[in-house]
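J.: Chains as they are written, first to last, in numbering that gives the first Met the number 0: chain A, 0 to 205; chain B, 0 to 200.
Just so you know, these hints were derived from the structure itself, not from any lab. Yeah, the Cβ is synthetic: ideal placement off N, Cα and C, and Gly gets one too. Careful: at least some of the hints might be erroneous.
As the list claims (entries may be wrong) - What the simulated footprint calls covered on chain A by chain B, stretch by stretch (three residues with Cβ under 8 Å from a Cβ of chain B suffice, anywhere in the stretch; the number is not a length):
id, stretch
1, 115-124
2, 138-151
3, 170-177
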Amino acid sequence: MTYEPLSATSVPGTEGQGSQEVTARVVEGALRAIARFGLTKLTVDDVAREAGISRATLYRYFPGRGAVLAAVVESETARLQRGLDDALADTTSLSEALAAVAGFGAGAFVGHEALQHLLATEPGTVLPHLCFSGADTLLRVAAERIAPHLCRFMGPLEARRTGELLARIVLSYALAPPPGPTEAAVLSVVREFVIPAASERSGTGG
Amino acid sequence: MESPTVRERVLEGGLISIGRYGLARTTVDDVAQASGVSRATIYRHFPGGREQLVADTVAWETSRFFQRLGEAVAGAPDLCVLLEDALAFARKALAEHAVFQRVVQTEPERLLPLITVEANRILPMIGAFLVPFLERERIAGRLREGADVGRTAEFIARMVLSCIGAPGVYDFDDPADIKLLVREQLLAGVLVQGAILPQHP
């Protein structure tokens with residue numbers, strides 16, 4: 000969890016690797032800082048401290064707080080996509096793929112410390128992205144990302160709708176958690192109410 | 000509840016005030032003026048003052064919304080039609096709810112935490128509403144084998160609440176799209192196939 004301070008050579012001019020390294024550190028530092036201090040009172044200084052780099056170095060790559068948060072969103076989006084791809088890589092049947100999507104989605108939500116901290120302490124900062132029009136956008140994006148993985152087993156329209164249903168289930172349990180573990184509840188609902196019908200429709204059996 | 004009518008008058012005044020001034024700027028004085036109930040009486044019913052008044056108004060209006068929804072669809076002949084009617088009605092009612100539309104657009108950061116708390120209370124309400132419909136489906140032999148009515152009711156309640164808030168990839172102004180969502184996704188794992196598409200046995 001601790002990092003050596005960046006060497007003085009990692010500055011602009013040495014583009015590429017140095018820049019990538021700073022960005023990665025800043026993103027990780029920002030996520031840790033959000034999980035500790037929340038978003039409303041988060042400062043660039045907090046991020047620099049958590050990232051183990053100087054304020055000056057951070058400002059050389061990021062003009063301000065907004066740029067840091069934009070980098071966090073971009074990085075987290077890419078990380079989720081990789082996680083989804085990895086979770087589905089070894090699945091060979093529709094039922095495995097559906098369970099993998101649900102398990103990954105629930106785990107990504109529940110295990111996200113920064114997000115969970117915000118939901119608990121500053122829900123107003125994140126709920127606009129998870130409810131009503133924010134949920135519409137989230138569900139569409141999730142459906143588009145999940146669908147290509149399900150197209151191995153079903154038509155593209157069906158894959159998009161099924162992907163959306165899985166995202167809907169994950170979001171529902173993430174925002175209104177069940178009494179027990181969220182991941183287990185999501186998986187059991189998907190096994191009970193999604194997998195059998197989807198398997199019948201795609202003609203792949205149980 | 001010693002005098003529910005006073006409480007309801009205050010909450011009605013709360014709703015009017017929130018529609019006018021928003022969640023952050025509504026004061027007890029605004030509500031007193033809008034409801035015609037004195038400040039002292041309001042504080043007696045809402046000892047938490049402004050914050051309690053705002054939160055209770057959101058809770059009260061949320062309950063009323065779902066009561067109206069329940070009354071509008073209670074006569075549905077089966078579970079499929081029930082959900083189709085409910086989604087169409089709720090979407091329209093939400094679009095026409097002027098106070099909700101104003102506040103969700105201008106103060107989502109204040110409204111959504113209150114509504115999310117309400118979801119935990121509303122979900123069991125929707126579930127309880129669904130149980131008799133599920134029992135009827137079971138008696139008619141249309142429920143999938145081994146389905147547990149309580150678990151099924153909770154699943155459908157969650158999906159209904161989710162769909163009312165966010166239609167996602169579906170167009171709720173198009174009855175055919177709602178039908179597709181209800182019969183091919185939401186209830187496909189709940190009912191036997193013959194019950195979903197009776198015209199194609």
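J.: Hint by hint, say whether it matches the structure.
T.: Hint check:
no.	hint	result
1	115-124	holds (count 3)
2	138-151	holds (count 3)
3	170-177	holds (count 5)
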